[in-house]
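Peer 1: Letter by letter, the chains look like this.
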Amino acid sequence: MTQTRKPSDPKHRTREPKTPSSSSSSSFSTSGMKLIVPLQGVVQGRGGLFLGTLIPCALFYFLQLYLKRRRSGFNNPPSPSSTSSPTLPRTSSRSNLSTRGSISRVRVSKLATLVAKPDDSLYYLGLEKVSQDPYDASENPNGIIQLGLSDNKLCLDLIGKWVSRNLEGSLMGSSDDVTLSINGIAPYQPHDGLGELKMALSDFMQQVMGESVKFDPSNMILTSGATPAIEILSFCLADHGNAFLVPTPYYPGFVRDVRWRPGVDLIPVHCRSTDNFNLNITALEQAYSQARKRGVKVRGILISNPSNPVGNILTPDVLFSLLDFAEEKNIHIIADEVFAGSTYGSDKFVSIAEILDSEYVDKSRVHIVYGLSKDLSLAGFRVGVIYSFNHTVLAAAKKLSRFSSISAPTQRLVASMLSDKRFIQEYLETNRYRIQQVHDKFVDCLSKLGIKCAKSSAGMFCWADMSGLIRPYSEKGELELWEKFMSVSKINITPGSACHCIEPGWFRICFTSISFEDIPLVIERIRRVVESCKSSS
Amino acid sequence: MALGNIKSTHQLLSKIATNDKHGENSPYFDGWKAYETNPFHPTKNPQGVIQMGLAENQLSFDLIEEWIRNNPKASICTPEGVDNFRHIANFQDYHGLPEFRNAVAKFMSKVRGGRVRFDPDRILMSGGATGANELIMFCLADPGDAFLVPCPYYPAFVRDLCWRTGVQLIPVQCDSSNNFMITREALEAAYNKAKAHNINVKGLLITNPSNPLGTTVDRETLKSIVRFINEKNIHFVCDEIYAATVFNTPTFVSVAEVIQEIEHCKRNLIHIIYSLSKDMGLPGFRVGLVYSYNDEVVNCGRKMSSFGLVSSQTQHFLAAMLADEEFVERFLKESAKRLRLRHEYFTKGLEKVNITCLPSNAGLFCWMNLRGLLKKHTFEGEMVLWRMIVNEVKLNVSPGSAFNCSEPGWFRVCFANMDHETVEVALKRIRAFVGKEIGVERKRWKSNLRLSFSTRRFDETVIMSPHMMSPHSPLVRATT
Chain A
464 MTQTRKPSDP KHRTREPKTP SSSSSSSFST SGMKLIVPLQ GVVQGRGGLF LGTLIPCALF
524 YFLQLYLKRR RSGFNNPPSP SSTSSPTLPR TSSRSNLSTR GSISRVRVSK LATLVAKPDD
584 SLYYLGLEKV SQDPYDASEN PNGIIQLGLS DNKLCLDLIG KWVSRNLEGS LMGSSDDVTL
644 SINGIAPYQP HDGLGELKMA LSDFMQQVMG ESVKFDPSNM ILTSGATPAI EILSFCLADH
704 GNAFLVPTPY YPGFVRDVRW RPGVDLIPVH CRSTDNFNLN ITALEQAYSQ ARKRGVKVRG
764 ILISNPSNPV GNILTPDVLF SLLDFAEEKN IHIIADEVFA GSTYGSDKFV SIAEILDSEY
824 VDKSRVHIVY GLSKDLSLAG FRVGVIYSFN HTVLAAAKKL SRFSSISAPT QRLVASMLSD
884 KRFIQEYLET NRYRIQQVHD KFVDCLSKLG IKCAKSSAGM FCWADMSGLI RPYSEKGELE
944 LWEKFMSVSK INITPGSACH CIEPGWFRIC FTSISFEDIP LVIERIRRVV ESCKSSS
Chain B
149 MALGNIKSTH QLLSKIATND KHGENSPYFD GWKAYETNPF HPTKNPQGVI QMGLAENQLS
209 FDLIEEWIRN NPKASICTPE GVDNFRHIAN FQDYHGLPEF RNAVAKFMSK VRGGRVRFDP
269 DRILMSGGAT GANELIMFCL ADPGDAFLVP CPYYPAFVRD LCWRTGVQLI PVQCDSSNNF
329 MITREALEAA YNKAKAHNIN VKGLLITNPS NPLGTTVDRE TLKSIVRFIN EKNIHFVCDE
389 IYAATVFNTP TFVSVAEVIQ EIEHCKRNLI HIIYSLSKDM GLPGFRVGLV YSYNDEVVNC
449 GRKMSSFGLV SSQTQHFLAA MLADEEFVER FLKESAKRLR LRHEYFTKGL EKVNITCLPS
509 NAGLFCWMNL RGLLKKHTFE GEMVLWRMIV NEVKLNVSPG SAFNCSEPGW FRVCFANMDH
569 ETVEVALKRI RAFVGKEIGV ERKRWKSNLR LSFSTRRFDE TVIMSPHMMS PHSPLVRATT
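So the protein lines, in turn, are chains A and B. Counted from 1, the first sequence has number 510 at position 47 by the working numbering; the numbering is strictly sequential. Counted from 1, the second sequence has number 168 at position 20 by the working numbering; the numbering is strictly sequential.
Hints are computed from structural coordinates only; laboratory data are not their basis. Computed from a predicted model, the values in this text were never measured in an experiment. Hints are all accurate, no fakes.
Each computed DMTMM-like pair below joins lysine to aspartate or glutamate, with the alpha-carbon atoms no more than 20 Å apart: (1) A:Lys592 to B:Asp269; (2) A:Lys616 to B:Asp241; (3) A:Lys573 to B:Asp443.
Stretches of chain B that chain A covers, calculated by requiring three or more beta carbons in the stretch to come under 8 Å of a beta carbon on chain A: (4) 161-167; (5) 211-220; (6) 228-240; (7) 432-440; (8) 449-455.
Even glycine gets a Cβ: it sits at the ideal position worked out from N, Cα and C.
Chain B with its partners taken away, still in its complex shape (with noise of 0.2 Å):
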């Protein structure tokens, strides 16, 4: 009889599942846990973590419960909804009920300003943005193959896009120069390396609004980037989830919009990813949405779909509710003012202690710039900091080096997840925190301006060295 020991179980199963390619062994998970083990909560634990590393968005409840309460038959559970149940409950078609494919098309479309319409049949479930991103990369790439993905870039993503698929990432750089600005010089870049390395690039994924910097694309950097996948010939992934997150001008522009402008735009390439966990705050539902302007991706899609297909009773809710036009219009624009009010206070709170961050117009985030705090300016400092304000500040933000950023010094900080009282209490550490590092450390933080760059060692994929991209080409300077 086998003892079972740990080495023998462990040869027997798959690479995949004893691999650590799912990337939570990065600090991004590791603050998590932490906020796991001691929650902050406003009355039971007063000095537990506040956790500022989840990207959730709390502030619309409300309005939905009130839908909720009004539109009694949209529920199954109901009297008045009931009758739908027989129907609900068995209907496991991948094609989606027809109803919730309208609905999502017509949501999709009034977030973009009623400026581009959107082909129901074109939308493809899965679970959440999490399995619609790697429903995606099966279906455009095979494994080895590999995808540009734009610094500082979502920490899951390595789990999302690579993990089961065998696809690779290759950082596209971006610095603070110019905003984190994605230029076309920075793609050619990573391009072209890939390909001196023999490596197979099957498209560039690009977050728009970022996650993690909150800002949106503009118009014609956009139009650059489509017609460089063009060029190329390579797909184009247009995460898109924070649509409705955008608080403030700039409008957000979609890939959808630009590619009506761009004369023989090949659509096939072009796809876009979506879900309601963000812009709606129902990341519970675990509703992700697939749009592929190429019809093979779709017939495949829609057959993988298989593996995580929204529950009925879910759609069946959405369906009622995203139909809502009058109940959308007002959702969408008050969820925006309240973003926009929180990202307010928050950046003037931080203001406070001469904290600032990357200007932005959406995201349920700021891109906190900490360099002043580094005593080190390497991604070693970054961690030392990161750790101190996790353990001593009792805040969970995120590491900018989590996300891949070029340079140490860069935190994301998620402010939509939390009451206002919940604000007020992480903005005030903040200020004893920072009030306190700034006292202590004048002198040495003076002497330390001399900022050094460490090429990034963070993981498995083509090192790309600062030092190659001229963030002040001609076309930035163009462009801003």
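So that you can see chain A by itself, here it is in the shape it has in the complex (with noise of 0.2 Å):
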């Protein structure tokens, strides 16, 4: 090919290759600008110069334009739910951007133009509105109420009056006690936590299963989160481009953790409100075989269990055929089990790991998130847990950990915190009281309103089915009806859409961020809504 005037688009040339579409895209103004020059020298003997290049080169740069323009809307990622659900934007994978904005502005990465998007996910959107207009009982009592993040707000009390209790004087303890000093905690200190926060987080994590399975501190890396937590598992198990599997609906968030900066794709695998959202083996197998058809590399199984949204609880049943499916397919899983310790019905939760020990399956496969932002509330001080069996992927971790630390001060908090059982104890117990009877009641007061909601047995939400008054039948309507809640009823709670379920109509209400004297005041604000739309049919 002859040498062009233009300098060749070094993307081409340099980067891996990525998914078919980015590279096609960028190899396809490569090869158009190759193809200009020799057309200018042969139009240039005829029409003059300027109508020899000029022509020529504004019909290709047009062709080119109006190419790209279609190429990216074929760039979507191939999944089931886009064409049941087209109107939502559903968030756009880092192969989908085209780079035509970029060419008059200073270029950031393209994950950055990505990102730094205004959010189309309705959860984010959600969540945005409420910090522009935060409900308070006081200051602001026409605010939107957040009933959109699965904080628990319940038993912070307990934990507050623990810390008054027990460490008074300063942040670092009374001047004896060495190991609280700033010597302590203030130099480096390892990056995949303290040996004994470690110890104290292997005990709670046993303590909040139930006693049924025991942890090993060696077998974990600490983070700051269970954000990092999940982030760091998808770098170490999967390549850029390759996918999860995941049941719907999920938990929004796993879109960023998983997909922004380690590039793997997440496959939604259905379930449906006829089996309570719970997850069945043959629609996994289908979702497995549909991919491998598309070429896509299936490197996992992504869980939460108990699950968010709709808060049921996995049977042994169920997690054994899910083990003996990534055995067959030789993929591994990861069970998000951070809502472990807030379980309230009458089902019992088992993780994983205890089915581990009963069955000789290959460990390495297991990798087990958890944190204290959820049993324990204090999801500010960012504390995560990666737990694995495999001591690669542990090494791996460990080394990635460096870029997401628990900050020391916080860990020794934790760790003390922890280390008092007695207190741990009826903290549990206290917690999953209050969420119970918050729940209850709140269920109960949605179905008196015609809301009827999924079964559910842990976590800090209900999922509740409210097709009934979304009109279409659609993801329009489920939009709709979200839009009457933030804007007439000034209440945020999270669309199935945003957490990817195939039927429209269902929305995620967290009831944790309330106090248990606050409910007749959002279910009045729910009904509202309710009726309106009743009267509106």
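Grab the two chains, each in its own frame, and use the hints to assemble them into the complex.
Peer 2: Pasting the structure below:
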């Protein structure tokens, strides 16, 4: 091919092949440029220099733009859900980005351009709207009530009391307590977590999961929250462009944790209300084979158990089937068990670790994510756990935890708190009781309004069926209802589409960020919308 | 049932988990292992390895301790402060506590002598400076893009800037003929060579004050660098984590000041990395900060800070401490004074055995010139000497090759992470070692004055021969 006068697109030469779409669009621009030059030579002889260069260049440029636009329409990750719900924009994958806008201004990375855009996910939009107009009983009674963040505020008083009883004097403890002095917490610490905190956490996890399984501190890597834990595991278990299977509906934040920087795709495995949104192994098989047909390499299954947003618990049977499936396909399982301690129903939570104990399986493919944001209400402290039996994963995760280490004073405070086993036992019981109280009351009030919830045994939310209130029965109708809740009754709840639910009309309503006494106020606001929907039908 | 043999397990994991692009197989980290297996203790293990490879500031803990005792409200773990507990424990907003950001903005301004103001809304959190450097790369560069980095540079940049991001580093050659200063020529040469290889240069990253040199970049050179990146339309990331460790003139000049003085400066290209690990001596707190003048970077980086948020307990505490202006001023002055005294004591101690260091005015380390002790003036010779120092002299110092230095014989030695007695022990050991080496090798040393340069074979990035650079450029003469 002839040499071009323009420097060839460097991206084409140096980037490793990612998804087919991105590399082909840039290679097209290169080949487009390569075609213009000889064409110039041909036309020059007839129409003069000006016409000879300008017109073919212009034609090629517009053709290129047109084809690029068309191609970006095909770039959406092919997933079954997108065909059934085309109206709400989904978070685009990394490969989806066109570089057109970057020509005229300073270029940041493609990822930054994607991430910096205002969020189109209603999960994040809702959080933003609340932050602009947050409800406060005295200061802003007409503000938006936050029911879209699974924050547990029910038992913070217990923790506050413990803290004031146990760490009097200073941040560092009393001056003769050397371990808590500044020399103990200011310098560099092991970045995968202090040994004493790992031990305290392994005991805590054992307590939380009903004493039925022991956790080994040497299988732990600590991270600043469960969010980086999931990201680190994604980096360890999959390459850019690979995929994880994930049952729907799922926590909207998984897209951020798994897709943004690790570049791992999420392939939905749809669960249905007829099964109470429980995982169906047949659906898993189907999703896996469809992915294979498309040439996508599935590296693992990502589950949350107890489930967010539904709140149901995977039975031991399903866990066994999952393990068999993973074994057969030779893939990993990432089990996000952050709500393990927030159970209230009759179903008992069984950790996947317990299943592994009893069955002779390859433990090296199972990785558990845990954290203190939900069960201990310490979201601000950023305490997360990667628990794995795979020593290579642990070694890699240990290095990666450098980027997400827990602040040392917080490690000491939490280790101290967790080692007070009596307090922890009392806390876990009170927490479960209070969650159950609020849950039962809330679900009861909702049913009186004609809104049924999926059966749930854990978590801080109920998964409410509002399909009867939406018109049309589609994502569009769901979006309109969400907007009504936001503007008319000023509550932020999370629509099922943000959780990639295949059935429209389901909403996640978190009830632990309000007090028991506030329930009537919230129900009243919901009632307003319900009435207005019924009257307009 | 799979036997779980290592090979099949390995294949099940990602490339990132199994490659060695984390760069931790370098001698920089090997020395740490030697220390970890046999750490020095004045009474329990006086023959152990003294850690001089960790740039930590332990000289001013007492000031912080005193402040904590006098300000119980800053901690949510006290009766005075516990009222805040509920709000703080639950606060996970990636914007960060407003009072924390305000206090950090004020602190950063104070460190720069009040000559520049910072906007709290442009401050992003991340997991230590390590997390901050990685975060800015994710925001600015795509996999395969490159960043220019002047040599010698902090070894862990390979991990922080390249490992997960897929970015590559292009070294910019600097050498001792002009005290390793960054020259316009060196920048141009590195940039052009990258372009010739069709590598997309996205930006330039410098540490100022420099690690490992301990020097600050002067105003004119900094301006020239800013003009360079403006012309090439590439980003400029200034890692200023050692800003408050400047203990001598020349005064520290931040990029934030310089951009105020340059006409038509594209501020969208300017980003600062900061942290409290070095200046305040609080690396355990994991406070990394990115300050960007680019709105898109701020929006993206803020969302990405979810992967490395600073604990709200720590934010709350620091918000109170950094807002205490009187304390901050006193701390900065006293900390700088102690660093200066320690630096003087150490360098004078080295001079007694004719070991010189690069003249420096900042940092927690010296860039020690041990070229005279090399048996062979090659990087192999440097490794031989380094192993002797670690294994026989029992000091963990860091060899220049780990920093991608173009000349063998330079070593970084940290002096601020120990008490005075340990410094004395270290100096004694050095004196004994040098005396022995000079005595035995006197004849061989005299005949070995012919120096040899070897091209760098350190890593997989573009290899630059030192011969390409002209350290005697007119620009250098004009600025020095």
